[in-house]
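Undergrad: Here's the letter readout for the chains.
2 protein chains.
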Amino acid sequence: MKQKLPLAEVYTLLGSGPVVLISSSLKGKYNIMPIAWTTMIDFEPPIVGCCIGDQSYTFQIVKKTKEFVINIPTVKLIKQVYGCGQASGKKVDKFKKFKLTPIPASKVKAPLVKECFASLECKVVDTRMIDQYNLFIVKVVAAWVERGVKQPKTLHHISGRRFILGGTEVVAK
Amino acid sequence: MKQKLPLAEVYTLLGSGPVVLISSSLKGKYNIMPIAWTTMIDFEPPIVGCCIGDQSYTFQIVKKTKEFVINIPTVKLIKQVYGCGQASGKKVDKFKKFKLTPIPASKVKAPLVKECFASLECKVVDTRMIDQYNLFIVKVVAAWVERGVKQPKTLHHISGRRFILGGTEVVAK
Numbered sequence: 001m002k003q004k005l006p007l008a009e010v011y012t013l014l015g016s017g018p019v020v021l022i023s024s025s026l027k028g029k030y031n032i033m034p035i036a037w038t039t040m041i042d043f044e045p046p047i048v049g050c051c052i053g054d055q056s057y058t059f060q061i062v063k064k065t066k067e068f069v070i071n072i073p074t075v076k077l078i079k080q081v082y083g084c085g086q087a088s089g090k091k092v093d094k095f096k097k098f099k100l101t102p103i104p105a106s107k108v109k110a111p112l113v114k115e116c117f118a119s120l121e122c123k124v125v126d127t128r129m130i131d132q133y134n135l136f137i138v139k140v141v142a143a144w145v146e147r148g149v150k151q152p153k154t155l156h157h158i159s160g161r162r163f164i165l166g167g168t169e170v171v172a173k
Numbered sequence: 001m002k003q004k005l006p007l008a009e010v011y012t013l014l015g016s017g018p019v020v021l022i023s024s025s026l027k028g029k030y031n032i033m034p035i036a037w038t039t040m041i042d043f044e045p046p047i048v049g050c051c052i053g054d055q056s057y058t059f060q061i062v063k064k065t066k067e068f069v070i071n072i073p074t075v076k077l078i079k080q081v082y083g084c085g086q087a088s089g090k091k092v093d094k095f096k097k098f099k100l101t102p103i104p105a106s107k108v109k110a111p112l113v114k115e116c117f118a119s120l121e122c123k124v125v126d127t128r129m130i131d132q133y134n135l136f137i138v139k140v141v142a143a144w145v146e147r148g149v150k151q152p153k154t155l156h157h158i159s160g161r162r163f164i165l166g167g168t169e170v171v172a173k
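In order, the protein sequence lines correspond to chains F and V. Residues 1 to 173 (this note's numbering) make up the first sequence, in order. Residues 1 to 173 (this note's numbering) make up the second sequence, in order.
So that you can see chain F by itself, here it is in the shape it has in the complex (with noise of 0.2 Å):
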């Protein structure tokens, strides 16, 4: 069950660079798939850049919507994220095949991803980078955060379908 997460700490969950699934809604049907390549840009409001391939459906609709949800998964969903990569939206409802649960989110039409640890919703607030680099800057509206995920042991993509498996915590002295 995810709580409530105030913005100024949104930074911390994709600072380091978690492989997040990006969930979206046109006309009431649902669509997800895994990105690699986001960044925050700012703290609070938090401004996050993600790349979105432009081969994709799903950035078909986040052109359009200027809105979506980025979900943070943990490695249980290893097969789902590798997986909602390869299918197309266009073709496959990925939700129902990949057993994942929509639920609704607070300030946008995108849902929450249930089996995701954190689920940050998202607006597009500058849209001059999309044509050139598929590169979507956005304002976290809301977030969300299961409390009780301490060190959660999320994905970080290398290439195809190798990724780093974060989680063990190291502190500076």
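Do not rely on the hints blindly, as some may be mistaken.
[What the hints assert, rightly or not] Now the stretches of chain V that chain F is said to cover, found in silico as 3 or more residues with beta-carbon under 8 Å:
no., region
1, 14-25
2, 39-52
3, 74-80
4, 133-142
5, 154-163
No lab work stands behind these hints, which were simulated from the structure alone. Computed from a predicted structure; not experimentally measured. A virtual CB, placed ideally from N, CA and C, is assigned to each residue, including glycine.
Starting from the known structure of chain F, arrange chain V on it as the hints suggest.
TA: Here is chain V on its own, set in the frame of chain F:
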């Protein structure tokens, strides 16, 4: 000892979200600082987005010179990584203070950092996002990596002194 890396493979180094050390050069003097907020933007030529805080001396240098090197450290440099973020290059020679070794790059004046297992020579190709977001869009023009380093224990920033330790690789089935 680093060897040349094909530019098409740069994304395998940066996509997982490691903390990097940005080295720069102004009038023959070197500077270095860590940043956590980067993203791959394109594969080849490799395009990368780097957020560099506008309060930093590095920001001033790279806004002028339009070039820098992205160096990737591992956990053995965690003290230097954290320390370089606490000191300003305006007052201190951080290469000297943190016992880091600058070595000449091939296509930019900024130096490679010998102690990092990978170094990417970068030139700024798009300045439109600098003033509003501190976001430099760069092209990697030469890449170097220590081929012997398997599963490098990269650092992935959470907040303050806290990092996630990379390294352990998992493969989606």
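Undergrad: All hints, please: hold or fail.
TA: A quick look at each hint next to the structure:
A count of 4 residues in the region 14-25 of chain V with a Cβ less than 8 Å from any Cβ of chain F is obtained; the coverage claim is therefore met, three being the minimum. As drawn, the region 39-52 of chain V meets chain F at 7 residues by the rule of a beta-carbon pair under 8 Å; at three or more, the given contact holds. Interface restraint, the region 74-80 of chain V with chain F: holds (3 residues with C-beta to C-beta distance below 8 Å; minimum three). Counting residues of the region 133-142 of chain V whose beta-carbon sits less than 8 Å from any beta-carbon of chain F gives 4, enough to reach three: the coverage restraint holds.
Only when three residues or more bring their CB closer than 8 Å to a CB of chain F does the claim for the region 154-163 of chain V stand; here the count is 9, and the claim holds.
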